[in-house]
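Respectively, the protein sequence lines represent chains A and B. Residue numbers in the first sequence follow our numbering, run continuously in steps of one, and reach 349 at the last position. Residue numbers in the second sequence follow our numbering, run continuously in steps of one, and reach 330 at the last position.
For the record, the hints were derived by calculation from the structure and aren't laboratory data. Virtual Cβ for every residue (Gly too), placed ideally from N, Cα, C. Possibly wrong hints are sitting among the right ones.
[Unchecked claim] Pairs of lysine-lysine residues, derived as DSSO-like cross-links and limited to a Cα-Cα distance of at most 27 Å, are as follows:
(1) K335(A) x K280(A)
(2) K249(B) x K168(A)
(3) K198(A) x K225(A)
(4) K175(A) x K245(B)
(5) K198(B) x K159(B)
(6) K198(B) x K175(A)
(7) K245(B) x K168(A)
(8) K6(A) x K222(A)
(9) K266(B) x K168(A)
(10) K280(A) x K331(A)
(11) K334(A) x K3(A)
(12) K131(A) x K3(A)
(13) K112(B) x K81(B)
(14) K280(A) x K222(A)
(15) K199(A) x K225(A)
[Said to hold, decoys possible] Computed Cβ-Cβ distance ranges for the label pairs, DEER-style:
(16) Q126(B) x I108(A): 54 to 60 Å
(17) Y107(A) x K56(B): 40 to 46 Å
(18) V322(A) x T49(B): 52 to 58 Å
(19) A323(B) x R163(A): 19 to 25 Å
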Amino acid sequence: MNKLKKLTTYRLFLPILCLVLVLLVNLITTPDFFAISVRDGMLYGYIIDVINRASELVILAVGMTLMVAASGGTDISVGAVMAVVAGVVCNVLAGGEQSVTQYNNPYILGILAGIAVAVICGCFNGFLVAKLKIQPMIATLILFTAGRGIAQLVTNGQITYVRVDHYKVLGSSIKGLPLPVPFFMAIIVVIVTTLILKKTAIGMYIESVGINAKASRLVGLKSSKIIFLTYVFGGLMAGIAGLVASSRIYSADANNIGLNMELDAILAVALGGNSLGGGKFSLMGSVIGAYTIQALTTTLYAMHVSSDQVPVYKAIVVVIIVSLQSPQLKKWFKKHSLGKKAVNGNEVA
Amino acid sequence: MKKRVLSVALTAAMVASMATVPAITVQAADDELIVVGYAQVGAESDWRTANTESFKSTFTEENGYKLIFDDAQQKQENQIKAIRSFIQQDVDYIVVAPVVETGWETVLEEAKEAGIPVILSDRQMQVSDDSLYECWVGGNFIKEGETAGQWVADYLEEKGRGEEEINMVTIQGTIGASAQVGRTEGFGNIVAQHENWKMLDMQSGEFTQAKGQEVMESFLKSYDDIDVVICENDNEAFGAIDAIKAAGKTCGPEGDIIVISFDSVKAAFEAMIAGDLNATFECNPLHGPRVDEIIKKLEAGEEVEKIQYVDEAYFDTSMDLEAILAERAY
Chain A
1 MNKLKKLTTY
11 RLFLPILCLV
21 LVLLVNLITT
31 PDFFAISVRD
41 GMLYGYIIDV
51 INRASELVIL
61 AVGMTLMVAA
71 SGGTDISVGA
81 VMAVVAGVVC
91 NVLAGGEQSV
101 TQYNNPYILG
111 ILAGIAVAVI
121 CGCFNGFLVA
131 KLKIQPMIAT
141 LILFTAGRGI
151 AQLVTNGQIT
161 YVRVDHYKVL
171 GSSIKGLPLP
181 VPFFMAIIVV
191 IVTTLILKKT
201 AIGMYIESVG
211 INAKASRLVG
221 LKSSKIIFLT
231 YVFGGLMAGI
241 AGLVASSRIY
251 SADANNIGLN
261 MELDAILAVA
271 LGGNSLGGGK
281 FSLMGSVIGA
291 YTIQALTTTL
301 YAMHVSSDQV
311 PVYKAIVVVI
321 IVSLQSPQLK
331 KWFKKHSLGK
341 KAVNGNEVA
Chain B
1 MKKRVLSVAL
11 TAAMVASMAT
21 VPAITVQAAD
31 DELIVVGYAQ
41 VGAESDWRTA
51 NTESFKSTFT
61 EENGYKLIFD
71 DAQQKQENQI
81 KAIRSFIQQD
91 VDYIVVAPVV
101 ETGWETVLEE
111 AKEAGIPVIL
121 SDRQMQVSDD
131 SLYECWVGGN
141 FIKEGETAGQ
151 WVADYLEEKG
161 RGEEEINMVT
171 IQGTIGASAQ
181 VGRTEGFGNI
191 VAQHENWKML
201 DMQSGEFTQA
211 KGQEVMESFL
221 KSYDDIDVVI
231 CENDNEAFGA
241 IDAIKAAGKT
251 CGPEGDIIVI
261 SFDSVKAAFE
271 AMIAGDLNAT
281 FECNPLHGPR
291 VDEIIKKLEA
301 GEEVEKIQYV
311 DEAYFDTSMD
321 LEAILAERAY
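Given these sequences and hints, build the entire structure.
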């Protein structure tokens, strides 16, 4: 009993419980959901789909967590930044043509250009939020609306195709690796970020700035610099996610890459039990949140829910998960169960 | 002094602009050309550009027309302004591709009073009195769906699979879009006529390649024996093809799974040439020739039908695709 109690107080208990619950539904409705087979040396199954398709969201959620933690606000431009990065990379590699079957510029040049643009977008957002003290949602609204326009401009309003097998690698698989490449990209991002946060003091700085920026400055932390850095990092994450998304479809589709993904990324942070008001955060919570969202989508596909009803089911599940984690509701439960105990105690006496 | 120069310049500009307007009508009357004013939506997509090009290449002086073209940049007020200026210039016919469906009554009445017939292209208008316009020309999504269904029926017959149990899945467009609604309904009509066809599942791929791939991955895991995949636009089909290949299956004319799609963009031809896609059903932007036909009929004093669908072709791998692709405008 004591052990169970200890388990429930563990910070990641609720996010993990939600993920497990979503997956458990499948055990009843789609028994072969967990079946994994091997095809062409690759693992194959619904579970593999979940961890493959969630990769971009996991990468975005990592960046979003830090931005939320430091600034207490959300970056709603990440989806549009993904589209801009995809547009730049494909356009550099295609050398301005609409469809190519071989690189017109070296691969590394395209990737570097894309990452550079992502970092510039991050710097722009960071400058507005950290230096000009504009509310994060308003500041990032600029790139949210302008980003897709810029991406259209870069690609001349056309879908730019890079039909080179080498370009598809980031979004598909390599012979010899049993899991898709996007999964490894996500895992590397999570591991590197965790190492940076744990091995340096930066994680603590971010939390302290998020809890009280003024107090942090008084003890000698440059709050604006920390907030700025998290937005640059968020831009970089959006860039990496954009690379994976573009590689999946070996093209730059300015209208659709990363569409509405900023909302899913924010949701992932919330599902992970993190406060959107900033301060203390759990990176793993957001990662689990991201996998939960994708597990839900894949579950609905597997259950053959008709497409016009999908949003309703999603909304119901999200409402349940979010309210489960609400502190008010927890308090209410606690009070209720305590009250019962008290009543029971009286009876015995 | 400066002011005087400015006012002289302005007056000159006004005179010049006034002079240009009558010049068109005078010239038109002299040459006995039919003057057509076209109020186009804008240039937001390849489809739209091809539509504009179709009018420009049909209504030439060699064909006996003078075309006054106006690009409204997706704004209704620009279109209304354009129609008013067409009326002032006393054109013979007005063609409008309306940006939105409502708010046209006043300006259409003005055209009616001036005795100028109005022809609608692409999108419809909601007006209380449909005598305000002559007719509407455009595509028919339901018919596209039915054509696709018929093509599948003929193709299966040809392969000797006419009586076999056929399992199908549909990757739908964005739910509620007119292309999704019409194409789903049209194909459904043909499915209902075949008892041996079974529509296993329909999911939305939101008209994108990435979602199309994701949905197809899921279909392939749920159903072992899929015979036909219907994708409601070309991009979804590209994603579906990738998913089929990743699952170790084959598609196209030589493969296990028949894949068809709608729209017929250039990349779809490339997919058919590569042997991955079976057929694509077009959404035809070339409205010019049909409008030309209608105007000729009206000139001869004939009645025309209120709703006129443009001819919509399809393309499959039995055709000389390289040649078609080389000629295609969009």
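To see whether the hints hold, each was checked on the structure:
Of the supplied pair hints, the one linking K335(A) and K280(A) holds, its CA atoms being roughly 25 Å apart against a limit of 27 Å. A hinted pair counts as satisfied when its Cα atoms are at most 27 Å apart, and K249(B) with K168(A) qualifies at roughly 19 Å. Between the alpha carbons of K198(A) and K225(A) the distance comes to roughly 19 Å, so the proposed pair stays at or under 27 Å and holds. Restraint check for K175(A) and K245(B): the C-alpha separation of about 15 Å stays at or below 27 Å, so the hint holds.
Distance hint between K198(B) and K159(B) is fulfilled; the C-alpha atoms sit about 18 Å from each other, no more than 27 Å. Restraint check: the Cα-Cα separation between K198(B) and K175(A) comes to about 36 Å, which exceeds 27 Å; the hinted pair is violated. A threshold of 27 Å between alpha carbons decides the hint, and for K245(B) with K168(A) the separation of about 14 Å falls inside it, so the pair holds. Pair hint K6(A) plus K222(A) does not hold up; C-alpha atoms about 37 Å apart against a cutoff of 27 Å.
Proximity of K266(B) to K168(A) is assessed by CA-CA distance (about 21 Å); at most 27 Å being required, the pair is judged to hold. With a CA separation close to 20 Å, the supplied pair K280(A) and K331(A) stays within the 27 Å bound. The hinted pair formed by K334(A) and K3(A) meets the criterion: a straight-line CA distance of about 18 Å does not exceed 27 Å. Among the hinted pairs, K131(A) with K3(A) is inconsistent with the structure: their alpha-carbon atoms are about 47 Å apart, more than 27 Å.
In summary, the hint linking K112(B) to K81(B) is supported, as the alpha carbons are separated by about 16 Å, within the 27 Å threshold. In summary, the hint linking K280(A) to K222(A) is supported, as the alpha carbons are separated by about 18 Å, within the 27 Å threshold. Taking the CA atoms of K199(A) and K225(A), the gap is near 19 Å; set against the 27 Å cutoff, the hint holds. With their beta carbons about 55 Å apart, Q126(B) and I108(A) fall inside the hinted range of 54 to 60 Å.
For the pair Y107(A) and K56(B), the beta carbons lie near 41 Å from each other, so the given range of 40 to 46 Å is met. For V322(A) and T49(B), the Cβ-Cβ distance of about 45 Å falls outside the hinted range of 52 to 58 Å, so the restraint is violated. A C-beta distance of roughly 22 Å is found between A323(B) and R163(A), which places it inside the suggested range of 19 to 25 Å.
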